[in-house]
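So the protein lines, in turn, are chains A and B.
According to the numbering used here, the first sequence is numbered sequentially starting from 1.
According to the numbering used here, the second sequence is numbered sequentially starting from 1001.
In short, the hints are calculated from the structure, not lab data.
Wrong hints could be hidden among the right ones.
[As the list claims (entries may be wrong)] Only part of the chain A face toward chain B is listed, based on derived beta-carbon distances under 10 Å:
#1 Leu4
#2 Val25
#3 Leu194
[As the list claims (entries may be wrong)] Pairwise CB distance ranges (calculated):
#4 Gly1256(B) to Ser191(A): 45 to 51 Å
#5 Ala96(A) to Val1325(B): 48 to 54 Å
#6 Phe1074(B) to Phe15(A): 42 to 48 Å
#7 Val1305(B) to Phe15(A): 34 to 40 Å
Think of the CB as a built atom: it goes at the ideal place given N, C-alpha and C, for glycine as much as any other residue.
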Amino acid sequence: MMDLQQFLFLAIAAFTGLSAVAVLVSQNIVRSAVWLLFTLAGTAGVFFLLGADFVAATQLIIYVGGILVLVVFGVMLTAQGPFVTMKVGAAEWVVASVVGVLLLGAIVITALRGPWTDDAAPQMEDPERSASSAELGMSFLGVSQVTPPAKLRGIGLHHPFLLEKTEQGTKPASAPERKQMAYLLPFEIVSVHLLVVLIGAAYLARAKRRRGVVT
Amino acid sequence: VFFLAVRDQKTVTDFLSSRLGLAHSLAVLIVALIAAVVLITFMLLSAIFFVWLERKVSARIQDRLGPTRVGGKFGWLQTLADGLKLLVKEDIIPTNADHMLFRLGPYIALAGSFLAFLALPFGNNVVAQNMNVAVFYMLAVMSSEVFGVILGGYGSGSKWALFGGMREAAQVVSYEVPRALSVLVPVIVAGTMNLNTVGVMQTGAMWHWLVFHDPFTFGAFWTFFTCGTASCKRAPFDLAEAESELVAGFHTEYSGFRWLIFFMAEYGSMFAISGIAVLLFLGGWHPGFLPHDLTEYLGPVAGNVLNVLIFIVKGWILVFVMMWVRWTLPRLRIDQVMMTCLRYLLPISCVLLLGVSLWQLVAWEYPVLAYCNYLLFGLSAAFVLYTLWRLLTTSSKETPTQLMPGAWGALQSKVP
């Protein structure tokens, strides 16, 4: 008999997949966006099922917010009439299919070649005990060990911020000191990149004024 | 039994699966269903109560009586009468409407509001799902509630509804930022996003509540509450339904049951926002004058029931404040709403976030700063007492002649 987790996974996966198909099939741009919302919410559901609450909530807050903007743009662009329904040409179908099949192939190959064992199979976890965002931050800083190991040094256990304050002065935290590797630097680089992209987008989208015209 | 099912899910699940011989997954499902039913019942019952309260509060603020007949002296059953009227009302879908989106809108709004309740602890461990990132999760699902409003607004095929939906989108996308930033302030102090842990941390007297922890959490409470009011689209931020400009905004074309669902979602999210505020700032389920949790005095059952009651009453008080604000302040213009957010609330919340980070570092060096909470609590208590004293000692008998006593009762007037 199928257990609860398998059943829930199948239900959510079917829901996500069907919504993804509906994104492609529907002609109305706003409806497409709505189906996209359901697809991404379904993905968040899978994350919740695996006990990755932080990732799931991030998925919701980012994509629902993102789709919100998409819908608003959809409404603004389609309000004129000719764009209410989208016509897709044959060439676009071909290009999109090729790209889609290539991406699917890449994902399937990666998934098949991964070092999966039976105990690495995802389990429905107790959200109370699942890895929290605090642990995420700790492993970014290099306080707790991460797998796969990073190539860069983290702050480690001997950093002054982690020292416990006692009456005799400071003493190192009780755990043994070891060389900690962390992903903090790559993470920060990605964050700064993202910030630059955001500022660039805001710059491009600003209200343009022609030189010499006083408005 | 319901209460136990919510509080000790493990125990009940084990009981069902071992004693009664049910499959484990079935037991999990049953417990989850019970928790969901309890929560949605609470949400709908409190919506019924809030509708009545809103009528009464608005009436008293406008110097009227409000409902007085249905169900006895105070019109207790007015909401039921309203509900019956809405249920028998004709359900209209405009010809121009996008039928799928029009039908979908209210349900998405209600789902967003209800999902937030799953992670809201009503007492110590009285929570449907004790999540590690409960605050974050609640903010995430509550931001999807707005999606229903926008879909409803777009799907109605009416320009008023469309304007309402667009305004709502602009407003919510903007207000989400300061709301999240001001939630981070108490989260930094508590060091966790688990609402249950944050609640347990505030055990004890009122000055242990996080709102009094330092000047920055004190400020964050006000910015959070303001942004929360705006994200529940309550006046003075109810631009999405501005009657004087947009007929009824996003719900212009809705009638009957679908309209009712929109409003249940709104009242539900008002309580959810108030619940977050109570847990993060106002001591959660603690009464504020006892040194320990109530369960230590009264035992697990009575103590937990009282905890839940205290939490609910605190949430209701904050909802009452939202109503008070709604019927006191005039509605802002849309550009004023955006300016309030982007030019004031956003910088303020950024400063609060930086400030509290610095405070945590400095307080580590100078333990004397840990006494700041007594100062803040003293000042707030003094302010509240002074206001009460002013209210009670100002005579209401100096009514200007030829005017009815009432709203003018407490004010001196130069009108002869």
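Tested hints:
1. Leu4: Holds - the Cβ of Leu4(A) comes within 10 Å of chain B, reaching about 3 Å at its closest.
2. Val25: violated, 13 Å
3. Leu194: violated, 15 Å
4. Gly1256(B) to Ser191(A): 45 to 51 Å: holds, 48 Å
5. Ala96(A) to Val1325(B): 48 to 54 Å: holds, 51 Å
6. Phe1074(B) to Phe15(A): 42 to 48 Å: For Phe1074(B) and Phe15(A) the Cβ distance comes to about 46 Å; the hint holds.
7. Val1305(B) to Phe15(A): 34 to 40 Å: holds, 38 Å
In this structure, the hints that do not hold are numbers 2 and 3, in rising order.
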